[in-house]
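Each protein sequence line maps, in turn, to chains B and V. The opening position of the first sequence corresponds to residue 1 in my numbering, with each subsequent residue numbered one higher. The opening position of the second sequence corresponds to residue 115 in my numbering, with each subsequent residue numbered one higher.
Derived from the structure by calculation, the hints contain no laboratory data. Careful: at least some of the hints might be erroneous.
Unchecked claim - With a straight-line cut-off of 25 Å between C-alpha atoms, the simulated BS3-like cross-links for lysine-lysine are:
#, chain 1, residue 1, chain 2, residue 2
1, V, K172, V, K223
2, V, K156, B, K26
3, V, K182, V, K171
4, B, K13, V, K156
5, V, K219, V, K156
6, V, K136, V, K172
Claimed, not checked - Label-pair distances were calculated between CB atoms; the ranges are:
#, chain 1, residue 1, chain 2, residue 2, range
7, V, K223, B, N71, 45 to 55 Å
8, B, E52, V, S123, 38 to 48 Å
9, V, E197, B, E53, 17 to 27 Å
10, V, N181, B, G16, 43 to 53 Å
11, B, T20, V, Q128, 20 to 30 Å
12, V, D173, B, G16, 44 to 54 Å
13, B, I12, V, L154, 12 to 22 Å
14, V, S140, B, G28, 26 to 36 Å
15, V, R175, B, G16, 46 to 56 Å
16, B, S7, V, L154, 12 to 22 Å
17, B, R63, V, L154, 22 to 32 Å
Stated by the list, open to error - What the simulated footprint calls covered on chain B by chain V, stretch by stretch (three residues with Cβ under 8 Å from a Cβ of chain V suffice, anywhere in the stretch; the number is not a length):
#, segment
18, 39-52
19, 55-65
20, 84-98
A virtual CB, placed ideally from N, CA and C, is assigned to each residue, including glycine.
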Amino acid sequence: DAGVTQSPTHLIKTRGQQVTLRCSPKSGHDTVSWYQQALGQGPQFIFQYYEEEERQRGNFPDRFSGHQFPNYSSELNVNALLLGDSALYLCASSPGTGVSYGYTFGSGTRLTVV
Amino acid sequence: GENVEQHPSTLSVQEGDSAVIKCTYSDSASNYFPWYKQELGKRPQLIIDIRSNVGEKKDQRIAVTLNKTAKHFSLHITETQPEDSAVYFCAEGNFNKFYFGSGTKLNVKP
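So here's chain B without its partners, still in its complex pose:
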């Protein structure tokens, strides 16, 4: 049983460019949450998708957007990249929207903006 898979694993982009990160949830999970983890920091909540809609959003600008597909997979898009967007982006899936369902994290996408 595959867990949460994310692609790509590493990515280098230039400031001002746009990037799309992808996530496939664990089998049986219908909810996907995205987190940004800067170096040496804890993950920070970006947003959560359920039933193809954004259900809740953290304190991130509109440059960060997402999508969830009918098969529950999800994309995170970041426009107009800034150097400060360099981080590990983690996708977490769960079998429901509530925190007590428990999250399974993917291995993340390491984004470097130069």
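With the hints as your guide, set chain V onto chain B.
What follows is chain V alone, placed relative to chain B:
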């Protein structure tokens, strides 16, 4: 809900000793408190969790305590082993999102 303080930021112990990591939170509505272990370059992995209606939970060498009145919770690792070396994150769960602490780097010296 966005203010989870975690201490210490680094912790070095001798193999076999105990390690304690503490977190405080501010939102009294939070009801779920997981702890994650993250090894270098790997995903965070859930090691233990506690819900707000429970004061203590133990799983072999790992235990978590929760004081809802004081809004703090702690991770206790006994008989530490070198493979316990990693970064540990506490988290406060509120409705459908987590707020994470800034992490504790635990180094267990053989």
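Checked hints:
no., hint, result
1, V:K172 / V:K223, "holds (24 Å)"
2, V:K156 / B:K26, "holds (17 Å)"
3, V:K182 / V:K171, "holds (14 Å)"
4, B:K13 / V:K156, "holds (22 Å)"
5, V:K219 / V:K156, "holds (14 Å)"
6, V:K136 / V:K172, "holds (16 Å)"
7, V:K223 / B:N71: 45 to 55 Å, "holds (47 Å)"
8, B:E52 / V:S123: 38 to 48 Å, "holds (39 Å)"
9, V:E197 / B:E53: 17 to 27 Å, "violated (41 Å)"
10, V:N181 / B:G16: 43 to 53 Å, "holds (48 Å)"
11, B:T20 / V:Q128: 20 to 30 Å, "violated (47 Å)"
12, V:D173 / B:G16: 44 to 54 Å, "holds (48 Å)"
13, B:I12 / V:L154: 12 to 22 Å, "holds (20 Å)"
14, V:S140 / B:G28: 26 to 36 Å, "holds (34 Å)"
15, V:R175 / B:G16: 46 to 56 Å, "holds (49 Å)"
16, B:S7 / V:L154: 12 to 22 Å, "holds (21 Å)"
17, B:R63 / V:L154: 22 to 32 Å, "holds (29 Å)"
18, 39-52, "holds (count 7)"
19, 55-65, "holds (count 4)"
20, 84-98, "holds (count 3)"
Violated hints, in rising order: 9 and 11; the structure is consistent with all others.
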